[in-house]
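Visitor: Protein chains in written order, with this note's numbering: chain Z, 1 to 372; chain P, 1 to 326.
Hints in this document: simulated from the structure, not taken from any laboratory. One should not assume that every hint holds.
[Said to hold, decoys possible] Footprint (simulated), chain P over chain Z, 3 or more residues, beta carbon under 8 Å:
#, region
1, 112–124
2, 150–157
3, 183–191
4, 209–216
5, 332–345
6, 349–363
[Stated by the list, open to error] Estimated spans, in silico, between C-beta atoms of each pair:
#, chain 1, residue 1, chain 2, residue 2, range
7, Z, Lys164, P, Ile125, 44 to 52 Å
8, P, Ala21, Z, Ala358, 35 to 43 Å
9, Z, Leu328, P, Ala276, 30 to 38 Å
10, Z, Asp275, P, Pro59, 47 to 55 Å
C-beta: ideal position from N, C-alpha, C; glycine also.
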Amino acid sequence: MAYTAATVQLLSETGELVSSALSEPYLPIIEKLSDDQLREFHRQMVVFRAIDVEAANLQRQGQLALWIPSLGQEAAQVGSGFAAKPQDHIFPAYREHVVGRIRGVDTIKIIEILRGLSHGGWDPAEHGNFHLYTLVIGSQTLHATGYAMGITLDGRAATGDPDKDEAVIVYFGDGASSQGDVSEALVFAASFQTPEVFFLQNNHWAISVPVTRQSRTPLYLRPSGFGIPGVQIDGNDVLASYAVTTASLDAARSGGGPQFIEALTYRMGAHTTSDDPTKYRDDAELDFWVRHDPIVRFEAYLRSRGADDAFFAELAEEAHDAANDIRLRTLALGVPDASSMFTHVYTEPHSLMQEQQAWLEAYEASFEGGAS
Amino acid sequence: MSIETLSMAKALNNGLRKALADDPKVLLMGEDIGPLGGVFRVTEGLQAEFGANRVIDTPLAESGIVGTAIGLAMRGYRPVCEIQFDGFIFPGFDQITSQLAKLTARHEGSLSMPVVIRVPFGGHIGAVEHHQESPEAYFAHTPGLRVVSPSTPHDAYWMIQEAIASNDPILFFEPKSRYWPKGDVDTSAPGIPLHASRVVRVGTEVTLVGYGPMVPMLLQAAEIAAEEGTSIEVVDLRSISPIDYGPLVASVQKTGRLVVAHEAPGFVSVGSEIAATVTERAFYSLEAPVIRVAGFDTPFPPAKLEAAYLPDPDRILDAVDRALAY
Chain Z
1 MAYTAATVQL LSETGELVSS ALSEPYLPII EKLSDDQLRE FHRQMVVFRA
51 IDVEAANLQR QGQLALWIPS LGQEAAQVGS GFAAKPQDHI FPAYREHVVG
101 RIRGVDTIKI IEILRGLSHG GWDPAEHGNF HLYTLVIGSQ TLHATGYAMG
151 ITLDGRAATG DPDKDEAVIV YFGDGASSQG DVSEALVFAA SFQTPEVFFL
201 QNNHWAISVP VTRQSRTPLY LRPSGFGIPG VQIDGNDVLA SYAVTTASLD
251 AARSGGGPQF IEALTYRMGA HTTSDDPTKY RDDAELDFWV RHDPIVRFEA
301 YLRSRGADDA FFAELAEEAH DAANDIRLRT LALGVPDASS MFTHVYTEPH
351 SLMQEQQAWL EAYEASFEGG AS
Chain P
1 MSIETLSMAK ALNNGLRKAL ADDPKVLLMG EDIGPLGGVF RVTEGLQAEF
51 GANRVIDTPL AESGIVGTAI GLAMRGYRPV CEIQFDGFIF PGFDQITSQL
101 AKLTARHEGS LSMPVVIRVP FGGHIGAVEH HQESPEAYFA HTPGLRVVSP
151 STPHDAYWMI QEAIASNDPI LFFEPKSRYW PKGDVDTSAP GIPLHASRVV
201 RVGTEVTLVG YGPMVPMLLQ AAEIAAEEGT SIEVVDLRSI SPIDYGPLVA
251 SVQKTGRLVV AHEAPGFVSV GSEIAATVTE RAFYSLEAPV IRVAGFDTPF
301 PPAKLEAAYL PDPDRILDAV DRALAY
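Pulled out of the complex, with its shape left as it was, chain P reads as follows (with noise of 0.2 Å):
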């Protein structure tokens, strides 16, 4: 064990530092991520380092991020894009779903499109519009891609590596609201694969799943439902695409009662996936049907309204009453 204690933002920059010291063959691109270190300082210090072939600013453009990070995958190269903002990454949606989603498959199995879009995601920052957005079921939904978020600094550490050296292309969600609470990282060891979900907390009752941002929202809900004496298991769902349900089943099978959380909008979202597979998969160990506590179907609102708009602590144990009245 060789435990370091790191905010989420540093973690990534200790797992982009390593993976580009193990493989001349990763690069970092994107906008400002050079001698700023990126808006969120994720790959701060990372040219001073590894030089600005190896970590480039690139003009202001996500389609020519994501299109010219296609072709040196095609050289043989392992990019990494950084996308500013969660809402900045429709400019490059095209070049990310019909090309590099589908390259692989056009190419018959010949080439692998080694790439990671990182995208700093979700709310509660106090930003304006488009900078605080949750695109991830867009990308989920398109065959071809994988798409993965960390809740904590040990999984950003290890997933991001782990991420990098896989072939095939993946959505990186990083959680901006966790990038500075500092947290414990195993610099020994991952601790389970990239696509594997996990049991965060052990509970009896009611089962919440989540991923990246809810997940400590999830843990404070059960905490303060423990108080009022309800046991609540917690999963991490880490990977969104593919999803590994295993761990889920098998808890909503010994609880019964299943209440999926996310900030994006809930209307055919990664909670309704979840609430239809759930459904199928574990139908006659349901007590209750599966409750989805998601951001509103509107634009993300004002700052000064996300506090209403975003699902909290309080509004996941609404969903927990509810489920346990049936």
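Bound-form chain Z, shown alone (with noise of 0.2 Å):
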């Protein structure tokens, strides 16, 4: 349906390893993965799903407003936040929240902004590196690109050293691809050969409308417009997707300029949990994406490396106790004080903050017993 003849699979759907043209130079990034690693693919994947579905719970019992969920897109967040390497930084959109939880930003962090109770907040360089979640579609791009140019400027690309080199990986959607400010980025990355990947989930849908409608031709085309390499990968084959952001990681960490990734995953779930997928998409296309789920197939992989029953019993507890955790901590979350909202908008003292700060302390301290 989605795949193409271009597409880097690794990983086939029965979860068994690719042998052909395209997938034979990254096979030997695969080779060098332990079993302790692949069985730390699928823990992150599996525990990531019973998050993301106890948050979606949690909406839906009015203790969220919003929830966005990544499921169905764990192999494409895994594979390439693994990829990473601990000095390269990650500018996420707002659907990155397992590879968040790679680089060690915790979920309830993700479940503060969808609770109202935080805009984000996280320091990136104590997480990390991971940054805060932009909302306006592919703004961050340009965040990441700028990024990218101080580390050329700072001389801390192509040194050299590939355990010293820096690189950006910035993620966005099918639907960010038409923003200008996209373009932008790759115009300015080109230009001034950022060390940097374009990391692109492609899950079909933005919102309620098809990625046929953003472009009539393959996403992974478009940079080559702009002279920066793309390629499409299986976004639900883990192993294409970390090999594949590996390679490019490392050319762009090493001088070789910026490079750019289609990975073809889908959004089994809704946008948000504000809309009704059911309204604009067919139960065919969902049949054929549930048929390439990423956690089936990489299962089956495992299993054939040897994974018993007694793997994924004790990661099936896990995941259970992970999703029970997110839930207590949710309900425990406390509501901060009003005044904070004065306090960082400026890093320097500003009359209008003190002024205001004041009075509305002022006013909550008129009313008998505080404000409620």
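Fit the two chains together into the complex; they arrive one by one in their own frames, and the hints show the way.
Guide: What follows is the structure, encoded as structure tokens:
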């Protein structure tokens, strides 16, 4: 349905390694992975799917204003997330919860956003260089490109030492590909030859609008017009996601300039809990992607490598516990003090902030027993 | 004291040169700012002196300039973006108002955004559409931004350096009609802080307030009024966000009358804000309503009509007469 003759796939739908002209260059990257690493890929996908389902439930129960499901996109995110090195910087859109988790962002920080308690608030420097979510579609591609320009100016890419070279990976979607900012980011990236990987998750739907409305050509072809190489991968294949992102980041870090990956995947759930996918897409399409579930495929692969029922049972229990844990911690979240809205608007003192914060505090104090 | 007589364009050039020399993290970015030195030559010679990695000719894309400046600031740089003309800032409006302005709050303090956006603005240069506008109110209305505008070469020299040293994002509106007249610049001391307003002419009967290109107009009007026997005080606001109301309110408490003037359209403008706030803070001192003199609420007209559109000393004095008639 979605795959093309150019789609790089390392793991077949039935969980076997693919040997093809497209896969050959990447298989050596996979061969270096240990069984523990492979099982960690699976663990992240399975545990996060449980958290994702639980978070959607919390929204249905009125505990969150919104949830942004990543269900179905785990392989694209886990593979690319593990491909990044500790020194790399990651600029997400707003659906890369499991990439954040891999980099050290507790999903409760995402929950805080969607429960109406913050607009982000984690310090990227202390959370695996995973930057804050950006809700204006595509804006983050320019921030990522500017950051990557800074890496170049600092002489921290193409140093000759792959362990020190730095790069940026920026996530965006098929809908974002239509935004002017994304084109401008590609222009700047090409012009300044930034150490950067553009990672487009084509999940086929921008809320209710299909990718065919965004582009009449496969999206991996678009960067070639900017002078940036593009590759299309099976985004539901965690090994392809890992290997191609690893190769692309290596190229970017070592002076090869910007790279572009289109990961074909599918948003099996809604865009957010606010929409109803049954109004705009048909069952046949969903069925196709359910059959291409990234977790099912990778479980088959792990079993072929000797993972047994005990491993999967233990993992199911861990996933259940993680979901329960996120539920309990969500319900325990408090509401920040109202005056905190003034605190960080500016870094340096600002007369309006001081006046209005003082006014609000005095106003609240004017009620007997304080404002409710 | 170390006094040099400079045009504002040259004062800005010297200020930028000093900022580049003092801090290796300062970068200039914009369209045509390299070998050409910018369309107003404000960056003339700087790329030759500091190199193409410090003074960066960017692709022609305002959102790209601001958006990549944000990323560079995240990396620890202090970018100074030049928007070529006032009316060309709007392709970058989203990155300025939705991202640059909000990132410090979104990070809850773990990140600051030391980005300066220089915007040549205002009329009096006889240019085509989109080249003579005054969009400062959009940015003053946006929480998280600071907005300033110098009116003299001295202020321009110091305020650009102070803006670059600030850890908050600053819109720096440069009055293009004032780029070329020369004035004294004391390079030994700035005088007053970046966001302070200042009484630039002392008087007793009416207060005039403005910023940037309007200040010399206000001073001319005051001069004419003095010849006619009316004593006028003039306040140079210098900062549009935040506004330093201290000297302004003190002046109005003395004179009892206020006229506020700017080139931008008057509807929902900086002048409206000042009229409302001064009325709140100095109500019992006012002998007349605060009167606004502004550009008309039309698109900036073709250049041959700009003299009728832009406030001039006569229109300011007309407002003074109306204030005195109460």
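Visitor: Hint by hint, which ones does the structure fall short of?
Guide: 4, 9 and 10
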